[in-house]
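Undergrad: Sequence:
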Amino acid sequence: MLRLLLSALTIACLFTACQPSDSSTTEKVETGLAPAAAPAPSPKELDPAALSILNRALKAHGSQRLSKVNFGFTFRGSQFEFITENEKEIYKSSYEKEGKAYNDRIEGGIFHRLIDNASQTLNEKEAYSGFETLNSVIYFATLPHKLRDPAVNLYAAGTATIKGKAYDILRVNFDEEGGGVDHDDNFLYWINQETNRIDYLAYDYKTNKGGVRFRSAFNPRVVAGVLFQDYVNYKAPLGTPLADLPGLFEKGELEELSIIATEGVMQLD
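Quick note, the sequence shown lines up with residues 49 to 317 if you use this note's numbering.
None of these hints come from the bench; they were simulated from the model.
Please note: incorrect hints may appear among the correct ones.
To be verified - In the EDC-like style, the derived pairs of lysine to aspartate or glutamate whose C-alpha atoms are separated by at most 16 Å in a straight line are:
1) Lys136 - Asp197
2) Lys211 - Asp197
3) Lys116 - Asp95
4) Lys254 - Asp278
5) Lys211 - Glu137
6) Lys194 - Glu242
7) Lys213 - Glu172
8) Lys211 - Glu172
9) Lys145 - Asp164
10) Lys283 - Glu304
11) Lys211 - Glu129
12) Lys140 - Glu129
13) Lys283 - Glu311
14) Lys211 - Glu298
Just so it is clear, the structure is predicted and the values come from calculations on it, not from any experiment.
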């Protein structure tokens, strides 16, 4: 669910980021693509109840620490870094492909790629795919951090009980302006009323023939004050309402697709 104005990305990559100067598949089935919300044109009012739920989750996950501490981790054999420099977020990944060393970077919304330390000029498809993959991994690893982005719309969507535990439901969608090419995707987050942590999330998407996904968190651990979690990734039939997924999950009627696991999470110097 990449929140990106593709034309702007293409221009930036072809004329700025990818000119000489100084994993895993990108399919939503595997990574669950993530919003990279562009700034909205002006401030907007959000549902106060939803903001209250989100703020509690941000605190419980230690999201405020992400502006002060840099992190690295491994995901499906690739190395990732989340760095903040001068109040700017920088995403990095490094991996080998066909015997060559790749180094990808997103800074200021611009995607850069080096192959064997040589800067690359990328076509539209390559730039989109590279941005999408790197952004997606960092987005889900640092949830709910990016739910504060300006193009995000938040709604309190009631409560639910899953496996005997009570949850507040946070519904998320995105502005068309600033929300990117997949602005019509939808998310639900189930926030544990006792811990204020995200235990479950679900989303649907329209691209790549569409899909419906549900994730169950496991392996929670706190590193340098920030909560990191892994997820079991499930598939539901196309058109299944997101609100129905917890019930199907409890009945064992969802198809398990993959494990979304970050390994070796560490604080960087």
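Undergrad: Failing hints, ascending?
TA: 2, 3, 4, 5, 6, 7, 8, 11, 13
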